[in-house]
Amino acid sequence: MEEEEEVQGFSLRVSENLLRKLTSAPEEVKESRVAVETDRDRQLVEAVREEERNKRRQLVERFRERQQRKARQREERETALVQALVQDLQRSNFRPKMKTVLCESERKACMECYRENPSDPLRCAEAVKALSSCARKVQLERVSTETQ
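Going by this note's numbering, the first residue of the sequence shown is number 145, and it counts up by one from there.
Please keep in mind that the hints were generated in silico from the structure rather than gathered at the bench. No experiment lies behind these values; they were computed from the predicted model shown. Using N, Cα and C, we set each Cβ at its ideal position, and we do this for glycine too. It cannot be assumed that every hint is accurate.
As the list claims (entries may be wrong) - Heads up, simulated DSS-like pairs for lysine-lysine below, C-alpha to C-alpha not over 30 Å straight-line:
1) 214 with 199
2) 199 with 252
3) 214 with 165
4) 281 with 252
5) 252 with 273
Said to hold, decoys possible - Restraint ranges, calculated between C-beta atoms of paired labels, are given here:
6) 256 with 222: 55 to 63 Å
7) 234 with 204: 40 to 48 Å
8) 251 with 226: 21 to 29 Å
9) 215 with 190: 35 to 43 Å
10) 246 with 217: 21 to 29 Å
11) 226 with 157: 49 to 57 Å
12) 222 with 259: 57 to 65 Å
13) 244 with 274: 15 to 23 Å
14) 280 with 234: 25 to 33 Å
15) 249 with 217: 26 to 34 Å
16) 292 with 211: 22 to 30 Å
17) 215 with 166: 58 to 66 Å
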């Protein structure tokens with residue numbers, strides 16, 4: 145049997161009643177009125193009925209396998225979609241850590257001044273003002289770029 149192409153956006157639901165009819169035993173199905181006169185005829189009729197039961201079982205099994213395959217494919221597509229959405233959200237909400245230290249030269253000058261003047265930190269007022277000014281400038285630049 146040739147494999148059919150999958151049609152996007154199309155689904156088929158099979159009722160419980162149809163499944164019951166497909167899987168029902170021959171006793172539940174209306175008996176055909178075949179005149180059975182000999183044992184050979186009875187054997188032929190029984191062979192035909194058995195073949196019909198086998199065909200029904202095979203049809204139901206193929207249907208179930210196809211439904212399971214479709215469900216797996218649908219789940220794989222939805223999983224891929226969810227993963228893509230998660231990645232998009234992570235990219236938009238989380239920024240990578242900055243690799244460069246802002247105001248590095250001012251910070252180093254301030255720390256050096258404190259090391260040189262441990263007993264008189266007021267001598268480092270100019271270095272602290274320079275670091276504070278740099279930090280304020282970087283903060284204003286970041287705020288202005290985020291609002292644009």
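Cross-check of the supplied hints:
1. With a CA separation close to 22 Å, the supplied pair residue 214 and residue 199 stays within the 30 Å bound.
2. The suggested pairing of residue 199 with residue 252 is violated, with an alpha-carbon distance near 84 Å, which exceeds 30 Å.
3. At most 30 Å may separate the alpha-carbon atoms for a hinted pair to count; residue 214 and residue 165 meet this at roughly 23 Å.
4. Straight-line distance between C-alpha atoms of residue 281 and residue 252 comes to about 17 Å, which keeps the hinted pair within the 30 Å bound.
5. Distance restraint check for residue 252 and residue 273: the Cα-Cα separation of roughly 13 Å lies within the 30 Å cut-off, and the hinted pair is therefore satisfied.
6. Between residue 256 and residue 222 the Cβ separation comes to about 58 Å, which falls inside the hinted range of 55 to 63 Å.
7. In this structure the supplied range 40 to 48 Å holds for residue 234 paired with residue 204, their Cβ-Cβ distance being about 45 Å.
8. Separation of residue 251 from residue 226 is about 43 Å and departs from the stated range, judged on CB atoms against 21 to 29 Å.
9. About 37 Å separates the C-beta atoms of residue 215 and residue 190, a value consistent with the hinted range of 35 to 43 Å.
10. A C-beta distance of roughly 50 Å is found between residue 246 and residue 217, which places it outside the suggested range of 21 to 29 Å.
11. About 25 Å separates the C-beta atoms of residue 226 and residue 157, a value inconsistent with the hinted range of 49 to 57 Å.
12. At about 59 Å, the CB distance of residue 222 to residue 259 agrees with the hint of 57 to 65 Å.
13. In this structure the hint that residue 244 and residue 274 lie 15 to 23 Å apart at CB holds, the actual value being about 18 Å.
14. A hinted range of 25 to 33 Å holds for the C-beta pair residue 280 and residue 234, which are about 31 Å apart.
15. For the hinted restraint 26 to 34 Å between residue 249 and residue 217, the CB-CB distance of approximately 58 Å leaves it violated.
16. At roughly 52 Å, the beta carbons of residue 292 and residue 211 sit outside the given window of 22 to 30 Å.
17. In this structure, residue 215 and residue 166 break the distance hint of 58 to 66 Å, their C-beta atoms being roughly 19 Å apart.
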